Amino acid sequence: MALSLQYVMNRTETSFRLARQPFVVPVQTRPELYRNANSASLYWLLILLHLHLLAQHSTVTSFQGNIGQFVTWDVGSCLDSEDGSITPVCNEQSGDFFPVGQTPVRCTCTDSAGALSECEFSLTVLAVNTPPSPPTCPNIQPVTSFQGNIGQFVTWDISSCLDSEDGSITPVCNEQNGDLFPVGQTPVRCTCTDSAGALSECEFSLTVLAVNTPPSPPTCPNIQPVTSFQGNFGQFVTWDVGSCLDSEDGSITPVCNEQSGDFFPVGQTPVRCTCTDSAGALSECEFSLTVLAEGTTPPEVFQCPGEVREIVELGITSTVVLYDEPFATDNSNAPNLLQTQTCQPGGSYPVGETICLYLFVDPDGNSNSCTFLIIVTTIDTVPPVISDCPPQQTDTVELKQTSAQVVWFQPSATDNSGTATLQTQTHSPGDSFLIGQTTVMYIFVDPAGNTATCGFCVLIQIATELENELMDIINKISGENTTTKEVVMSSESIAEISDVEDFLEEDPQRVELVISSLESVVRAGEASINVTDPVVRSINNLMNLDRDILEDGMIEGGRAVAALEGQITNFQTNDGNFSTVLDNVGVTAVKIDARSVGSSLAYANILPENETLLVDGALQEGNTRLFSDGDAIPLEKRLHPYRYQQRF
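Heads up: the sequence shown begins at 1 in full-length UniProt numbering, then just goes up one per residue.
No lab work stands behind these hints, which were simulated from the structure alone. Only a predicted model underlies this, so the values are computations on that prediction, with no experimental measurement involved. Some hints here could point you the wrong way.
Pair ranges (Cβ atoms, derived) [to be verified]:
#: 1; residue 1: T371; residue 2: T317; range: 38 to 48 Å
#: 2; residue 1: T381; residue 2: I435; range: 33 to 43 Å
#: 3; residue 1: T317; residue 2: Q344; range: 25 to 35 Å
#: 4; residue 1: S387; residue 2: S348; range: 48 to 58 Å
#: 5; residue 1: N544; residue 2: I316; range: 36 to 46 Å
#: 6; residue 1: S251; residue 2: P447; range: 18 to 28 Å
#: 7; residue 1: S387; residue 2: N468; range: 48 to 58 Å
#: 8; residue 1: I223; residue 2: T381; range: 41 to 51 Å
#: 9; residue 1: P447; residue 2: N468; range: 46 to 56 Å
#: 10; residue 1: E286; residue 2: T381; range: 44 to 54 Å
Glycine included, C-beta positions come from ideal geometry on N, C-alpha and C.
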């Protein structure tokens with residue numbers, strides 16, 4: 001606050017007021033100091049004590065970057081007795097930009113007589129000094145020292161800090177990443193400091209554990225009982241104990257509570273041997289010394305097997321087992337010490353475990369025994385047996401087709417274990433197969449992992465010219481609006497194709513294709529001799545095929561007979577002269593025998609010409625007789641065997 005001393009000339013007022021109500025103190029002065037030459041008036045010296053206009057000291061914070069800040073303030077006007085309200089004038093302007101630091105401001109009110117009053121205050125702009133974000137200290141798990149407990153190298157990752165002014169700051173730690181740290185706990189402090197000196201930090205600890213691996217245990221001996229001297233007062237006993245190995249101290253000699261070579265009394269003496277390394281870690285072993293009184297030493301057994309094992313194939317219940325028999329000696333020198341024996345080498349032993357006992361007794365009644373197991377286990381090396389593995393499957397497609405569905409009976413398998421599981425199946429019946437050869441695999445496995453495989457080929461062929469012709473007939477005659485000419489031409493084509501034996505015998509499926517085309521012709525219902533004659537010739541050609549072809553196609557054979565019967569029905573419906581047909585095949589009678597497989601006729605017998613065996617009720621046309629199903633002549637009564645008599 002500023003203190004101003006002002007005098008007022010030619011005024012009668014004792015004071016004047018500031019707008020912000022300064023404290024006014026009237027003070028009587030020495031009049032001789034302030035007299036006007038023309039006046040004897042008494043003047044007052046006014047001491048104006050100004051209150052705060054805004055503040056004695058105003059403080060604001062700089063923008064980021066510490067470049068300064070805009071500062072505004074409000075200074076009230078002054079009130080003068082003569083001039084009224086006077087607006088103060090400041091050496092700095094409200095709202096201006098002020099740099100970081102302190103800026104003094106003085107505001108003055110001056111009236112028309114030159115009298116003035118003023119006040120002062122300071123503006124302080126503080127630098128922004130936000131510390132950087134703290135680093136992220138790691139959580140280091142304890143690590144183990146090198147051998148010798150000299151410490152361990154430790155590495156860690158610590159994230160950088162982010163500062164609003166300096167950006168990314170790399171932390172500085174009091175310990176260096178990757179250094180060798182001693183056994184124990186080491187505190188680590190990492191600090192980020194920005195250019196303004198602001199800092200942030202984090203702390204963590206590194207722990208290195210000491211290694212204290214004990215040495216390897218000593219190897220204690222297996223001391224056989226010894227016999228006392230005469231008088232049963234004891235015996236000297238010696239032994240060897242293997243040394244221990246320590247990672248720090250190397251080889252360590254064990255120390256025993258009893259000394260090798262000492263004299264031990266009759267009875268049992270426990271011995272403990274210990275290895276202790278320089279760090280105090282130890283390992284030990286124990287054994288017992290037995291000194292027997294004279295005349296109580298049992299036989300000593302040799303060649304006692306731990307166990308005898310044999311393996312047999314699954315399903316075998318027993319087997320012969322051979323082994324080396326145990327035996328014993330004794331200080332009595334008795335020739336035969338074996339008293340009891342439950343097993344014999346070369347005996348038959350069942351699958352499982354058999355306990356064997358050999359008991360040896362000396363003349364003094366001292367005994368020792370050998371007990372062991374004969375273990376017979378089974379193993380399965382026999383693979384499953386597959387039944388009904390299909391042969392090659394062959395199918396034919398037309399030229400424009402690329403695949404065909406193929407169906408077969410799936411194979412099965414049995415195994416001596418009672419369980420055979422289908423492990424792998426590459427395809428299933430009804431799958432679609434592309435043109436060419438595809439291998440189908442079935443793999444069966446038993447519980448022991450033995451496998452058996454069924455493999456066969458699926459062959460998809462493109463139809464030959466004749467096959468395409470037969471398929472065209474099936475498609476054409478099966479359609480609507482089929483003409484008599486088309487049926488006649490189709491039946492002649494079938495007869496010609498059925499006469500090509502090599503073509504049919506090469507692939508039995510072609511027989512089925514011929515029969516399917518015949519069925520199409522018969523379904524057309526044409527009674528013309530021009531249709532019936534080729535149908536009968538086609539049947540006659542099929543009858544002359546190799547027997548294996550017809551047996552493979554038994555169902556197709558029944559279908560062929562049904563087709564022949566259907567065409568005969570067509571022909572007889574229109575009172576056709578059937579003898580004209582039979583003349584073409586060299587027979588005068590056709591008998592349809594109603595023996596069936598499923599719903600299809602199974603047999604067709606073509607009897608020779610001049611057959612005299614007649615049956616009442618048979619259809620008759622001149623010298624041609626057609627026998628119905630009910631009047632069929634049994635096969636065993638056929639006369640005059642003829643080369644055209646066929647059985648499907």
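Hint check:
Between T371 and T317 the Cβ separation comes to about 25 Å, which falls outside the hinted range of 38 to 48 Å. Judged by the Cβ atoms, the range 33 to 43 Å given for T381 and I435 holds: they are separated by roughly 41 Å. The supplied range of 25 to 35 Å is broken by T317 and Q344, whose beta-carbon atoms lie about 19 Å from each other. The hint said 48 to 58 Å for the Cβ distance between S387 and S348, and at roughly 35 Å that hint is violated.
Checked against the hint of 36 to 46 Å, the pair N544 and I316 fails, with Cβ atoms roughly 57 Å apart. Checked against the hint of 18 to 28 Å, the pair S251 and P447 fails, with Cβ atoms roughly 52 Å apart. Restraint check, S387 to N468: a C-beta distance of roughly 38 Å breaks the suggested window 48 to 58 Å. Between I223 and T381 the Cβ separation comes to about 46 Å, which falls inside the hinted range of 41 to 51 Å.
For P447 and N468, the Cβ-Cβ distance of about 52 Å falls inside the hinted range of 46 to 56 Å, so the restraint holds. Distance hint check: the CB atoms of E286 and T381 are about 47 Å apart, consistent with the given range 44 to 54 Å.
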